[in-house]
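Visitor: Starting from the known structure of chain A, fit chain B onto it as the hints suggest.
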Amino acid sequence: MFIQIFFGYCALMITLSGILAISLRNPVHCVLMVLVLFFHMAGLYLTLNAEFLAAVQIIVYAGAILVLYLFVLFLVSLREELHLDAFIANPWIGRVIAGGLAAALLYVIPAFTLGEKGVWSVEAIKQVTHTKALGQEMYSTYLLPFEIGGLILLVALIGGLALARRDEGATETNAADEATTPLPAQSDHKEAAQ
Amino acid sequence: MIPLSWYMALSAILFCIGVCGFLTRRNVIIMFLSLELMLNGVNLNLVALSHFLESLRGQAFTFFIITVAAAEAAIGLGIAIALYRSRRSVHVDTVNQLKG
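Top line first, the protein sequences correspond to chains A and B. Number 104 in the numbering used here belongs to position 104 of the first sequence; there are no gaps in the numbering. Number 237 in the numbering used here belongs to position 43 of the second sequence; there are no gaps in the numbering.
Errors might be hidden in some of the hints.
Here are some chain B residues the structure puts well away from chain A; computed CB gaps all over 10 Å [as the list claims (entries may be wrong)]:
| id | residue |
| --- | --- |
| 1 | V289 |
| 2 | N290 |
| 3 | Q291 |
| 4 | L292 |
| 5 | K293 |
The list that follows gives simulated cross-link-like pairs (lysine to any residue, SDA-like), each with its CA atoms no further than 25 Å apart [said to hold, decoys possible]:
| id | chain 1 | residue 1 | chain 2 | residue 2 |
| --- | --- | --- | --- | --- |
| 6 | A | K132 | A | L84 |
| 7 | B | K293 | A | L84 |
| 8 | A | K117 | B | F246 |
Everything labelled a hint here was simulated from the structure, so no lab data went into it. Cβ atoms here follow ideal geometry from the backbone N, Cα and C, with glycine treated the same way.
Just chain A, with the same shape it has in the complex (with noise of 0.2 Å):
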């Protein structure tokens, strides 16, 4: 009983958090009604026996990324962005269209039936513990890709240092741009003085 109002509640946060999450104005607001969500998407997890990715939930999700979005949200200027318009011209083209998608997949949702059954029982995780469990599988059956998700965030690292950074002739312009402008206006001065 405990774990259906759990989820509830949690169901309940998410479905709130994520739609004033995409409502509001302040896009600070935003970013911090998608932390709740995180936060209750990690207390999901628990009740799935999966203790790691609630872990990896709060420390990357809510720890790394949103952090780089505030980041992102502060360089941008925000001042403006409080009078203009949230959304664009016509959003109920958008509304309809996401309203048809879950009512689309809630109609069909219980058509599903479960396939075969695995190895990995929850008596057999919590035999092993759960993080053990995911390791033994990952450096195993899935250690190509875990190689290949290492090599996916070089690549990003790569491309935020190369998009992030100014181009070095812009900057030579700017430096440039500085250095000549004083010029003519001490010019100025010395005709005036004149």
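Guide: Okay, now just chain B, sitting in the frame of chain A:
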């Protein structure tokens, strides 16, 4: 015990909230955030199926999805910063140079 269909319904709703945010918001950063919501909906579905199928395949996939989501956030936000630097705006409807 919570039935599987509850988890699937919740993840479908979360996915559709993400779709709605992606289609309606103007700010590129909030659009990326909606993308994260969609990925989380899929993650919840995979973890629930992995629990009910007694297999760790779905959880391994969730792990990789979190990795790719981190990479996607880094690249996407780098693009957003580059966009803001050249346009002084992160709104998608102001980026219409190729519209003709």
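Visitor: Return the numbers of the hints above that this structure violates; sort them in rising order.
Guide: Number 6 - this is the single hint that the structure violates.
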